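Let's have the full structure, built from the sequences with the hints guiding it.
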Amino acid sequence: MIRVVAFDLMDTVVRDPFREALRAATGLPLEELFARRPPNVYPAFERDELDEATYWAMYADLGVAVDPAEFHRVRLEGTTFLDGMAELLDDLAGQIVRATASNYPRWIDDLAETLLVDRFDEIVASCHLGARKPDIEFYQRLLDRLDCAADEVLFVDDREVNVEAAGAVGIAAHRFEDAAGVRAFLADHGVDIG
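Using this note's numbering, the first residue of the sequence shown is number 1, and each one after it goes up by one.
Please keep in mind that the hints were generated in silico from the structure rather than gathered at the bench.
Because the structure is a prediction, the values reported are computed rather than measured.
Treat the hints with care, since some could be wrong.
As the list claims (entries may be wrong) - Pairwise CB distance ranges (calculated):
1. 91 - 34: 33 to 41 Å
2. 80 - 180: 12 to 20 Å
3. 3 - 36: 42 to 50 Å
4. 32 - 83: 27 to 35 Å
5. 151 - 60: 44 to 52 Å
Think of the CB as a built atom: it goes at the ideal place given N, C-alpha and C, for glycine as much as any other residue.
Here it is, written out as structure tokens:
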């Protein structure tokens, strides 16, 4: 029996404003920033191996001035529900555990207290698990945290590689395209959403 529906957040449940927030905070083209930034820094930040001060200090070490307050202002203002997803989460309330399963740093705590309040029963991200999708360890730790077997969880994500990785551990997964597709996926797996 399905007990939990686990959702990726960015570009699945909500719009991801990260790139525009970073551009607003630095004034630099993203291509330049990403070319200069060591490739392992952001994944380490998402796994909670670096704190936020260390993450921003990395940019300063590269000679990039960052305005963290502007970054967070644009990030929070730009994080909005995708069409139909708030309604879908509301329809699931009280029927099944709604969990996040996202690659995201501690910034998820801001969202948990604002936009996501009352929409999710469990807030779980890579920063809580010390692993990132599509690493198999992410899904195994997610199952442990949710206290579920793989066949008790459904997973929704916008990236095929993450959907395939969930399937590799036995979690039925759906690649997000729109809310209607998620509703059909849930119905196909016996989740009644009215």
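Of the numbered hints stated previously, which ones are contradicted by the structure, given in increasing order?
-> When the structure is compared with the hints, none of them turns out to be violated.
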